[in-house]
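Just so you know, the protein sequences line up as chains R and E, in that order.
Residue numbers for the first sequence follow this note's numbering, beginning at 1 and rising by one.
Residue numbers for the second sequence follow this note's numbering, beginning at 113 and rising by one.
Where hints are given, some of them may not hold.
[Stated by the list, open to error] Below, in silico cross-link-like pairs of lysine-lysine (BS3-like), each with a Cα-Cα straight-line distance of 30 Å or less:
1. R:K83 <-> E:K164
2. E:K209 <-> E:K181
3. R:K57 <-> E:K115
4. R:K71 <-> E:K181
5. E:K217 <-> E:K115
6. E:K217 <-> E:K181
7. R:K9 <-> R:K83
8. R:K71 <-> E:K164
9. E:K164 <-> E:K214
10. R:K71 <-> E:K217
[Stated by the list, open to error] So these bits of chain R aren't anywhere near chain E, every CB distance computed over 12 Å:
11. K14
12. E15
13. Q37
14. D59
15. K83
16. N84
[As the list claims (entries may be wrong)] Residues from chain R that keep clear of chain E, each with C-beta distances beyond 12 Å, as calculated:
17. Q6
18. N28
19. S94
These are computed hints drawn from the structure, not numbers from a lab.
Cβ atoms here follow ideal geometry from the backbone N, Cα and C, with glycine treated the same way.
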Amino acid sequence: DGGITQSPKYLFRKEGQNVTLSCEQNLNHDAMYWYRQDPGQGLRLIYYSQIVNDFQKGDIAEGYSVSREKKESFPLTVTSAQKNPTAFYLCASSNRGSGEQYFGPGTRLTVT
Amino acid sequence: DAKTTQPPSMDCAEGRAANLPCNHSTISGNEYVYWYRQIHSQGPQYIIHGLKNNETNEMASLIITEDRKSSTLILPHATLRDTAVYYCIVYQGGSEKLVFGKGTKLTVNP
């Protein structure tokens, strides 16, 4: 079955540690995205990539980093510089130029 | 910032039609209206989109006013599984960016 997988579903880290969230898709989509969602809020765009080896900052990129070495994969690293990392993180993919994005199940990160 | 305005919450009886409104008075001629929904603690799911004409698929219908300043998403026979937050999004083709507001929390009651 085609789709997007994110792992793990729940992640716990101590403050000051970097953590990498996984996102993999087998939909053959060129574009991939990372969003953050806080309780009761909409999604906010962190980073997006339209093609392998290229990515752009979204609205809240500070404290995050990404890589796009393969078409299928778009991992997100939450660094220790991110002041409030505890949130629900969602990955998505789409064909380029399309507003129809397919979302993964999300990773809930808790940093204490 | 989101270019749409939606009521924060709505209720609907099971089996009845759910009509979710959205205002997008500053929409440009080349911008589409997209609807997504998010069931609690899951990733959002695409529902439908349109430019000018009304659209229908297996999930819902989208009615866009003639001046394109507002639209309505219609779930014709709401079920308990339709309880979710519904997001109306104005999207510029090729921009690669969806801007999510807070959406409308629809509660379908038995």
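Hint-by-hint comparison with the structure:
1. R:K83 <-> E:K164: The given pair, whose Cα atoms are some 43 Å apart, is violated under the 30 Å limit.
2. E:K209 <-> E:K181: 21 Å, holds
3. R:K57 <-> E:K115: Judged against 30 Å, a Cα distance of about 20 Å means the pair holds.
4. R:K71 <-> E:K181: 38 Å, violated
5. E:K217 <-> E:K115: 18 Å, holds
6. E:K217 <-> E:K181: 21 Å, holds
7. R:K9 <-> R:K83: 22 Å, holds
8. R:K71 <-> E:K164: 34 Å, violated
9. E:K164 <-> E:K214: 24 Å, holds
10. R:K71 <-> E:K217: Not satisfied, since the Cα-Cα distance of roughly 35 Å exceeds 30 Å.
11. K14: At roughly 24 Å from the nearest Cβ of chain E, K14 of chain R sits farther out than 12 Å, so the non-interface label holds.
12. E15: 24 Å, holds
13. Q37: Label violated. Min Cβ-Cβ 8 Å, cutoff 12 Å.
14. D59: Non-interface label on D59 of chain R violated, nearest chain E Cβ at 8 Å vs cutoff 12 Å.
15. K83: 22 Å, holds
16. N84: 19 Å, holds
17. Q6: 8 Å, violated
18. N28: 17 Å, holds
19. S94: S94 of chain R is in fact no farther than 12 Å from some Cβ atom of chain E, at 8 Å.
The structure fails hints 1, 4, 8, 10, 13, 14, 17 and 19 (numbered hints given earlier, in ascending order).
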